[in-house]
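Asker: Spelled out from the first residue to the last, the chains are:
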Amino acid sequence: MPGRTPQQARDAFLVPLRRALSCVAAARLFAPRGKEPGDIEALSLSEDPLRLHSARIGPLQFFIGHQYKLVQDGRHAWHVSTVRYVYHLADEEGRELIGWHWHPASSAYPHLHVPAEPIGRRMHVPTGRVSLESVIRFLLDDLEVPATRDRINDYAQVLNECEAPFVQHRRWHAWKREP
Amino acid sequence: MNAITSEPGIVELTRDEGRVMLNERTLRMLGMTLEEFEAAYDAGTLDLDRLEVAHLITLLPFAR
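First to last, the protein sequences are chains A and B.
The opening residue of the first sequence carries number 1 in this note's numbering; numbering runs sequentially from there.
The opening residue of the second sequence carries number 180 in this note's numbering; numbering runs sequentially from there.
Bear in mind the hints are in silico, worked out from the structure with no lab data behind them.
Keep in mind that the hints are not guaranteed to be accurate.
Incomplete in silico selection of chain B near chain A, CB under 8 Å [unchecked claim]:
hint : residue
1    : 190
2    : 200
3    : 240
Derived list of chain A stretches under chain B, where covered just means 3 residues or more per stretch with a C-beta under 8 Å from a C-beta of chain B [said to hold, decoys possible]:
hint : segment
4    : 31 to 45
5    : 57 to 70
Here a beta-carbon is modelled for each residue, glycine too, at the ideal position from N, C-alpha and C.
With the hints as constraints, model all of the structure from the sequences given.
Answerer: If you want it as structure tokens, here you go:
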């Protein structure tokens, strides 16, 4: 997400995410203060994990972890680059149901963990890069988590609008193995 | 805590505020203080298969 200053780039990243999250929760979005461009930053919710209710599978816990950093593109251009993401859904007792991960320090490619025997949750099922908006859309459309009252009529449009800058400006989607 | 944008609901945490937030979470999710969590992380002794561990590691920039 580009900007002419580090703050503009940070806002261009955080504001759509907060708006997308407002489709399922009123929780506040936390970000660290005082980081310098290039430092690894993180985001989190004031409610952690986020407790939701799926009409299909019952109570859910949604863990959102995301790291990013500000990168300079040129003299007057900055963008936010994702460093790591870890999104999990767990049941009421904390048992993992599904996890979307990209943590290149230990596993180069984006992947999914699904505790479905006989494959098991330790396997890394390859995926493309997954947006937080797409996970929220999965919660709403597939798991039938109710939208918040303010977003009940327009959540699909809001998610599309919030995801659009990510899709437009992402530097990669499918992970490419270096030769 | 200061709002960093005009968008309601986005809050910037100082390092001290981030450490308080993360300490509450390591205690609640793992039963250890933030200091104990950081020491275990630096020593490589955390159980990385636990979803709470993977989650909390991702939040460490709030504390550092």
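Asker: Quick check: the segment 31 to 45 of chain A, covered by chain B? Criterion 3+ residues, Cβ under 8 Å.
Answerer: Our answer is that it holds, as 10 residues pass the Cβ test (under 8 Å) against chain B, meeting three.
Asker: Close enough to count: is the Cβ of residue 190 of chain B nearer than 8 Å to one in chain A?
Answerer: Holds. Min distance 5 Å.
Asker: Using 8 Å as the Cβ threshold, decide whether residue 200 of chain B counts as touching chain A.
Answerer: OK, holds: residue 200 of chain B within 8 Å of chain A, min 7 Å.
Asker: Between the segment 57 to 70 of chain A and chain B, are there enough contacts, at least three residues with CB-CB distance under 8 Å, for the coverage claim to hold?
Answerer: Held - the segment 57 to 70 of chain A has 4 residues with a Cβ nearer than 8 Å to chain B, which meets the minimum of three.
Asker: Taking the closest Cβ pair, is residue 240 of chain B under 8 Å from chain A?
Answerer: Where the cut-off is 8 Å and the nearest Cβ of chain A is about 4 Å from residue 240 of chain B, the hint holds.
No hint from the list above goes unmet by this structure.
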